[in-house]
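Work out the full structure: start from the sequences and follow the hints.
Here the protein sequences line up with chains A and B, keeping their order. Just so we're aligned, residue 1 is where the first sequence starts under this note's numbering, counting upward by one. Just so we're aligned, residue 1 is where the second sequence starts under this note's numbering, counting upward by one.
Careful, some of the hints might be misleading.
What the hints assert, rightly or not - Calculated pairs, DMTMM-like style, for lysine to aspartate or glutamate (alpha carbon to alpha carbon, straight line, at most 20 angstroms):
| # | chain 1 | residue 1 | chain 2 | residue 2 |
| --- | --- | --- | --- | --- |
| 1 | A | Lys-5 | A | Glu-54 |
| 2 | B | Lys-545 | B | Glu-167 |
| 3 | B | Lys-553 | A | Glu-104 |
| 4 | A | Lys-108 | B | Asp-493 |
| 5 | A | Lys-151 | B | Glu-20 |
| 6 | B | Lys-545 | A | Glu-104 |
| 7 | B | Lys-74 | A | Asp-103 |
| 8 | A | Lys-97 | B | Glu-552 |
| 9 | A | Lys-108 | A | Glu-147 |
| 10 | B | Lys-75 | A | Glu-89 |
| 11 | B | Lys-545 | A | Glu-107 |
| 12 | A | Lys-4 | A | Glu-54 |
| 13 | A | Lys-97 | B | Glu-548 |
| 14 | B | Lys-545 | A | Glu-101 |
| 15 | A | Lys-108 | B | Glu-548 |
| 16 | B | Lys-553 | A | Glu-146 |
| 17 | B | Lys-75 | A | Glu-147 |
| 18 | B | Lys-75 | B | Glu-20 |
Unchecked claim - Over the 12 angstroms line for every Cβ pair with chain B, so calculated as not near, a few chain A residues:
| # | residue |
| --- | --- |
| 19 | Arg-57 |
| 20 | Gln-60 |
| 21 | Arg-67 |
| 22 | Asp-75 |
| 23 | Ile-83 |
| 24 | Val-126 |
| 25 | Lys-151 |
| 26 | Lys-161 |
| 27 | Ser-165 |
Claimed, not checked - With the C-beta cut set under 10 angstroms, the calculated list includes, among others, these residues of chain A facing chain B:
| # | residue |
| --- | --- |
| 28 | Phe-7 |
| 29 | Ile-26 |
| 30 | Trp-30 |
| 31 | Ser-36 |
| 32 | Met-40 |
| 33 | Ala-51 |
| 34 | Gly-78 |
Because the hints were derived from the structure by calculation, they are not lab data. Using N, Cα and C, we set each Cβ at its ideal position, and we do this for glycine too.
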Amino acid sequence: MEMKKLFGNVLLTVGLVAGSITAARIPPMWGGLAVSLAVMGVGIFLRRQGAKEELHRAAQTGTGGVRELERLLSDALGRLEAIMDASGERATAELTKILEELDEFAEKAQPLRIEGLMTYGTIMSVFSRGERALNRAWSAFADGYEEEGRKYLRYGYDDLKETLSAVKALKV
Amino acid sequence: MADANWKLRSSGWKRGNSDETYREVTPAAIILGVVWGAFMAASFTYAGMIMGFTSGGSAIAAIVGWGVLSGILKKGTVVENNIVQTIASAVNISVSGVIFTIPALYIMGLHQEINTTYFFLATAAGAILGITFIIPLRKQMIEIDRLRFPTGTAVATVLKTPGSGIEKARLLFLGMAVSTAVYLVQQFPVLGLPEIIPEYVDLRAILHLPEWVSLAMALSLMVFGMGLITGRNGLIVLAGGILSYYIITPIVKALGWLPSDVTGGAISGFVYANMTRPLGIGMLLGGSIAGLILSMPVIIVALRSIANASKLGTGRNEELPIKYLYAGITLAFLLLLVTTYQLGNLGIGRSLLTALVGVAWIFVASLLVAMSTGMTDWSPVSGLSLVSVMILLYLTGKQVPLTILLGATVGVAISGAADMMQDLKTGHLVGGIPSRQQKVELLTAWIGPIIALTVVGLIWKAYGIGNEAVPAPQAMALKSMVEAILGGNVPVDKFIAGGILGFALSMSGIPGLGVLVGLSMYLPMLYILPYGLGCIVHEIAKRRKGNEFITEKVLPVAAGLMVGEAAMTLLFAVLTVLGVLHP
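Set out below in structure tokens:
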């Protein structure tokens with residue numbers, strides 16, 4: 001873990017513990033609380049700086065960050081193309097795996113918040129709509145409604161393509 | 001077992017027709033959802049007032065849905081069953097808001113001061129607000145922030161079981177069987193049988209720890225199952241609980257900050273009730289306000305996305321139009337205004353202020369509860385009710401009847417918001433269309449308040465309320481809360497201090513941290529321990545076996561544990577209605 005982030009976490013924790021103790025007193029020790037908040041503030045600053053540097057470093061080395069997200073999406077898109085005309089049973093089995101990997105994408109996309117919530121929100125909004133479409137495709141295939149399944153398979157595919165374009169447009 | 005599962009799965013593949021529209025919102029689903037929801041609402045209203053418990057009921061409805069749609073009608077689908085559980089939940093959810101508030105009016109002898117129509121108007125306003133506020137919150141929390149909503153995830157697992165293969169179904173039923181059996185055995189004393197498995201175990205006594213240590217653990221497989229699904233966020237709750245009970249408490253004791261008459265086993269309870277719990281409520285509020293501020297760009301994206309979707313005349317439009325949000329807020333505001341003006345004798349200006357602040361507070365409270373529920377599966381409704389009553393007493397000039405009535409609005413709204421968010425998470429995971437789910441919620445949510453209020457009225461006429469036959473523990477708690485506030489005994493300083501801390505924590509870059517820590521101080525350790533244990537098992541399994549193991553093995557078992565106990569809760573509610581069980 002980035003040293004700044006680690007040190008920030010430590011200060012945040014220390015500040016929280018001290019702040020909680022001073023606040024718990026009847027009545028609260030406002031002076032002690034103020035000092036604790038100052039410590040927490042420094043910890044928050046360091047933590048945020050460390051997280052941002054960590055994200056940038058991961059992007060530069062290709063071990064994570066945006067490149068990893070691109071890889072996950074590209075892989076999912078490739079697998080979706082392979083099942084566009086597959087049987088319902090095979091599509092269901094494959095979609096189960098794809099959806100698990102998409103959940104991984106969502107988890108790894110969280111650090112993008114640092115680059116701006118508006119951008120993050122836009123990306124995740126499109127991504128989640130695509131994920132929901134693929135969930136519907138899974139349900140439709142499982143219930144034997146292949147036409148509905150293929151319809152939403154295409155919707156999900158298109159949304160993930162749009163998500164991939166948005167991720168590639170990031171300047172991380 | 002295997003043969004039954006095979007048949008269930010096999011029929012799924014044969015059932016569909018490529019030319020047939022995919023069944024989702026059907027008459028059968030609507031009727032079944034309403035009927036089952038009404039049954040649960042009536043049962044839980046009655047049981048809640050006598051035994052003190054309620055339940056959301058989504059998981060049970062999902063099981064019943066499969067049984068009726070696929071088992072009897074032979075034509076159910078995953079998303080159709082999702083509509084069943086959505087409607088049943090929408091009808092049932094107002095119960096907790098009603099029984100926490102309205103019976104208090106009866107207990108205090110104030111119910112005759114209010115026309116029954118206003119009971120319905122207030123609670124209906126709450127139901128409307130709960131639904132409409134989650135229109136943007138759904139997009140924000142489920143699609144963008146990706147909150148887990150453990151119960152919603154569990155219900156989705158139930159809904160998808162028939163198409164997920166034999167192994168998952170087997171694991172689900174195993175979880176259900178174990179949870180059901182343990183719960184039944186735990187209830188032996190209620191049935192007049194000897195105790196075999198206790199409801200909780202006192203680890204403090206077993207480990208011979210000092211009396212001030214609070215280390216009792218509830219033996220609840222449902223709570224353990226919640227932790228199994230929650231994972232990482234729950235570890236923060238566990239850590240916060242450790243901070244609260246095993247760091248703050250002994251330090252406060254050592255520093256001599258306790259009254260001299262608080263000694264021994266009373267120390268932990270005193271610190272919890274007077275120090276850490278109020279602090280936790282404050283943290284929840286501060287954390288949610290910070291979350292709201294931080295999430296504003298995301299909420300803007302959500303609203304913009306919904307608005308854009310509404311403009312598209314063709315193609316794929318699955319969002320509930322934003323006009324529903326505006327219409328819902330306006331309607332609820334007017335309902336609150338009429339109620340306040342007619343009952344409060346406050347004048348038009350003060351009534352407007354009360355209604356306006358009421359709506360704004362409900363939004364903040366709904367956001368808090370939805371965030372908390374989404375991250376951990378815990379909904380701090382009673383804590384928020386305390387703050388709500390405090391605010392409302394101030395706005396209404398300490399008019400208790402009107403305050404409690406408006407408190408019902410808040411209670412129904414925030415309970416509804418949390419539970420419906422769970423249902424919408426379920427919908428996301430099975431591919432339900434959000435606009436359809438939300439429309440059926442709007443269509444049916446008003447039914448619950450009528451049922452709950454009717455049952456309360458009938459109980460009053462038959463037995464009275466607030467006595468040995470009908471103790472109404474939650475309403476009694478509210479009565480005590482009101483009396484404490486009127487007596488000036490409110491830890492406002494703790495709320496403020498906690499609010500500041502919670503606000504700071506949520507600025508740390510860890511989403512919702514203030515809410516998580518606040519929740520850990522708010523909850524009793526009795527439940528944090530089994531919950532935290534489930535979270536630990538989740539994380540260990542994830543690290544050792546990977547995400548696939550979580551999805552394929554852990555989730556079905558956890559869902560089963562939750563469903564089993566929830567089903568038993570309903571069974572005991574019915575037994576209470578039938579008079580078999582007594583307090």
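Now for the hints, and whether the structure bears them out:
1. A C-alpha spacing of about 9 angstroms is found between Lys-5 (chain A) and Glu-54 (chain A), which places the hinted pair at or below 20 angstroms, so the restraint holds.
2. The suggested pairing of Lys-545 (chain B) with Glu-167 (chain B) holds, with an alpha-carbon distance near 17 angstroms, which does not exceed 20 angstroms.
3. The hinted pair formed by Lys-553 (chain B) and Glu-104 (chain A) meets the criterion: a straight-line CA distance of about 17 angstroms does not exceed 20 angstroms.
4. At most 20 angstroms may separate the alpha-carbon atoms for a hinted pair to count; Lys-108 (chain A) and Asp-493 (chain B) exceed this at roughly 40 angstroms.
5. A hinted pair counts as satisfied when its Cα atoms are at most 20 angstroms apart, and Lys-151 (chain A) with Glu-20 (chain B) qualifies at roughly 13 angstroms.
6. Between Lys-545 (chain B) and Glu-104 (chain A) the CA atoms are separated by roughly 15 angstroms; this keeps the pair inside 20 angstroms, and the hint holds.
7. Proximity of Lys-74 (chain B) to Asp-103 (chain A) is assessed by CA-CA distance (about 33 angstroms); at most 20 angstroms being required, the pair is judged violated.
8. Only pairs whose Cα atoms come within 20 angstroms are accepted, and Lys-97 (chain A) paired with Glu-552 (chain B) is accepted, the gap being roughly 10 angstroms.
9. Under the criterion of a C-alpha separation no larger than 20 angstroms, the hint pairing Lys-108 (chain A) with Glu-147 (chain A) is inconsistent with the structure, at around 33 angstroms.
10. Between the alpha carbons of Lys-75 (chain B) and Glu-89 (chain A) the distance comes to roughly 19 angstroms, so the proposed pair stays at or under 20 angstroms and holds.
11. Taking the CA atoms of Lys-545 (chain B) and Glu-107 (chain A), the gap is about 17 angstroms. The hint holds against a cut of 20 angstroms.
12. Restraint check for Lys-4 (chain A) and Glu-54 (chain A): satisfied, since their Cα atoms lie roughly 10 angstroms apart, inside the 20 angstroms limit.
13. A hinted pair counts as satisfied when its Cα atoms are at most 20 angstroms apart, and Lys-97 (chain A) with Glu-548 (chain B) qualifies at roughly 8 angstroms.
14. Restraint check: the Cα-Cα separation between Lys-545 (chain B) and Glu-101 (chain A) comes to about 15 angstroms, which is no more than 20 angstroms; the hinted pair holds.
15. Under the criterion of a C-alpha separation no larger than 20 angstroms, the hint pairing Lys-108 (chain A) with Glu-548 (chain B) is consistent with the structure, at around 16 angstroms.
16. Distance restraint check for Lys-553 (chain B) and Glu-146 (chain A): the Cα-Cα separation of roughly 27 angstroms exceeds the 20 angstroms cut-off, and the hinted pair is therefore not satisfied.
17. For the suggested pair Lys-75 (chain B) and Glu-147 (chain A), the alpha carbons sit about 17 angstroms apart, so the restraint of at most 20 angstroms is met.
18. Simply put, Lys-75 (chain B) and Glu-20 (chain B) have alpha-carbon atoms about 12 angstroms apart, close enough for the 20 angstroms limit, and the pair holds.
19. With a closest Cβ-Cβ approach of about 17 angstroms to chain B, Arg-57 (chain A) is found to remain outside the 12 angstroms limit, as its non-interface label requires.
20. Distance to chain B confirms Gln-60 (chain A) as a non-interface residue, since its nearest Cβ pair spans about 21 angstroms, more than 12 angstroms.
21. Every CB of chain B lies more than 12 angstroms from the CB of Arg-67 (chain A), the least distance being 20 angstroms, so the non-interface label holds.
22. Annotated as non-interface, Asp-75 (chain A) keeps its C-beta farther than 12 angstroms from every C-beta of chain B; the closest such distance is 15 angstroms.
23. Residue-level check passed: Ile-83 (chain A) sits 16 angstroms from the nearest beta carbon of chain B, beyond 12 angstroms.
24. With a least beta-carbon separation of about 9 angstroms from chain B, Val-126 (chain A) fails to lie farther than 12 angstroms from that chain, contradicting its non-interface assignment.
25. For Lys-151 (chain A), the condition that its CB be more than 12 angstroms from all CB atoms of chain B is violated, with the nearest at approximately 9 angstroms.
26. With a cut of 12 angstroms on Cβ distances, Lys-161 (chain A) stays outside the contact zone with chain B, its closest approach being about 15 angstroms.
27. Distance check on Ser-165 (chain A): its Cβ is at least 17 angstroms (rounded) from any Cβ of chain B, clearing the 12 angstroms threshold; non-interface status holds.
28. Violation of the interface hint for Phe-7 (chain A) is found here, the shortest Cβ-Cβ separation to chain B being roughly 13 angstroms, above the 10 angstroms cut-off.
29. For Ile-26 (chain A), the shortest C-beta to C-beta distance to chain B is roughly 7 angstroms, which falls under 10 angstroms, so the interface hint holds.
30. Contact between Trp-30 (chain A) and chain B, as hinted, is supported at the beta carbon level, the nearest pair being about 8 angstroms apart and thus within 10 angstroms.
31. This hint holds: Ser-36 (chain A) has a C-beta 8 angstroms from the nearest C-beta of chain B, less than the 10 angstroms allowed.
32. Taken as an interface hint, Met-40 (chain A) checks out: its beta carbon lies about 5 angstroms from the nearest beta carbon of chain B, inside 10 angstroms.
33. A hinted interface residue such as Ala-51 (chain A) counts as satisfied when its beta carbon comes closer than 10 angstroms to some beta carbon of chain B; here the least separation is about 6 angstroms, so the hint holds.
34. The closest approach between the C-beta of Gly-78 (chain A) and any C-beta of chain B is roughly 19 angstroms, which is over the 10 angstroms cut-off, so the hint fails.
In the structure shown, a violation is registered for the earlier hints numbered 4, 7, 9, 16, 24, 25, 28, 34, in ascending order.
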